[in-house]
Amino acid sequence: MNTYSNSTNHIKENSIKNKSFSYNLNLVPRRTLLFEKVLEDEGVLGDLLIDEIPILFIPFEKDFISMNFTNTFTELYLDGDFSSIYYTSQGLIDFQSKFGIFPRIVGKGDCAKKLADSLVKMRTEIAAIDNTNSSWDGWALSSQFDSLVILDRGTDLVTPLLTQLTYEGLLEEFFFVKNGAIDPTLENIPDEPLGITVTSPKSSHSQSSSSNRTSSKKILKLNSSDKTFDEIRHVNFSKVGKLVSNKTKNLQELYLSRYQAKSVTEIKDFVKGLGNLQTEHQSLQSLYIDQISL
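Position 197 of the sequence shown, counted from 1, bears residue number 197 in this note's numbering, the numbering being contiguous throughout.
It is worth saying that the hints were derived from the structure and are not from the lab.
All values derive from a computational prediction rather than experimental measurement.
Even for Gly, the Cβ is constructed at its ideal location relative to N, Cα and C.
Among the clues, some could well be false.
Distance ranges between label pairs, derived from CB positions [what the hints assert, rightly or not]: (1) E40 to V235: 22 to 30 Å; (2) K249 to T32: 32 to 40 Å; (3) K239 to V38: 29 to 37 Å; (4) R153 to K242: 19 to 27 Å; (5) G169 to I129: 42 to 50 Å; (6) G154 to T124: 53 to 61 Å; (7) K249 to K98: 40 to 48 Å; (8) T248 to N6: 22 to 30 Å; (9) T163 to I65: 24 to 32 Å; (10) T163 to E36: 22 to 30 Å.
In silico DSSO-like cross-links for lysine-lysine, where the CA-CA straight-line distance does not exceed 30 Å [to be verified]: (11) K98 to K113; (12) K37 to K62; (13) K12 to K37.
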């Protein structure tokens, strides 16, 4: 909201000073009358060129997509706001337009029922509109998906409270996950995660060293794009240290293999793979060994 207030104040100040600028506002995933009313009350609606970007599902893995809604449970069960169900229906309609209609829709929970009903209603409305086109023969049933399974989080409130014991799970417990990635530095560990107080061993360092650590920000993507992470993400945390240690030794042996290269071809092969070797080595040191030491 601070960013929003600063932006509207900036627009109003320029308007008072008779400074002419063009302002573009892109809303994701859609524009709403409520938001336009807020802009109108702020007196900046007429100064904006508003457009919407219908980004619904975001691919985080080759087999995993998400709408990345972080406050859905609160909105549904505390605020009574069912907008997320509407957006999910839109996303699933778009999904079916590409891969075909789900032959079956099954679910559990009140909100799951609302989503299923909304989805069926949208499909019926689209069919009614498109039937006016004589060339339209309807969407075919999906040949890649046999069912859509909808689970309402409200039917199982215990599972999210369980402590995760895999490497990926503990990273998610200790660090704030945003857009499928974390900043794995000690300063970003929440106060007393899992009831454990974490104190920095480097707390006595000067302010300058602290600012240097902040400037060298490290980002760890929690997906299979990182080869090392993909290998250890589902491993029990008690076994990760040994796996990383063995991997480090293997990398060291690969580095030492350059001394055994005798022919020009062997040297070229080593140099060719040196980039990947250095990247993996750096990844191990900065993103995994450091985290295990925490």
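Cross-check of the supplied hints:
Between E40 and V235 the CB atoms are about 54 Å apart, so this pair departs from the stated range of 22 to 30 Å. For K249 and T32, the hinted distance range of 32 to 40 Å is not satisfied, since their beta carbons lie about 56 Å from each other. For the hinted restraint 29 to 37 Å between K239 and V38, the CB-CB distance of approximately 52 Å leaves it violated. Between R153 and K242 the beta carbon distance is about 36 Å. The supplied range of 19 to 27 Å is therefore violated.
The supplied range of 42 to 50 Å is met by G169 and I129, whose beta-carbon atoms lie about 45 Å from each other. Our hint of 53 to 61 Å for G154 and T124 is violated, since their Cβ atoms are close to 26 Å apart. Taking 40 to 48 Å as the suggested C-beta distance range, the pair K249 and K98 conforms, at roughly 46 Å. At about 47 Å, the beta-carbon gap between T248 and N6 misses the expected band of 22 to 30 Å.
With their beta carbons about 27 Å apart, T163 and I65 fall inside the hinted range of 24 to 32 Å. For T163 paired with E36, a C-beta distance near 44 Å fails the hint of 22 to 30 Å. Straight-line distance between C-alpha atoms of K98 and K113 comes to about 24 Å, which keeps the hinted pair within the 30 Å bound. For the proposed pair K37 and K62, the alpha carbon gap of about 39 Å is over 30 Å, so the pair is violated.
Pair hint K12 plus K37 holds up; C-alpha atoms about 16 Å apart against a cutoff of 30 Å.
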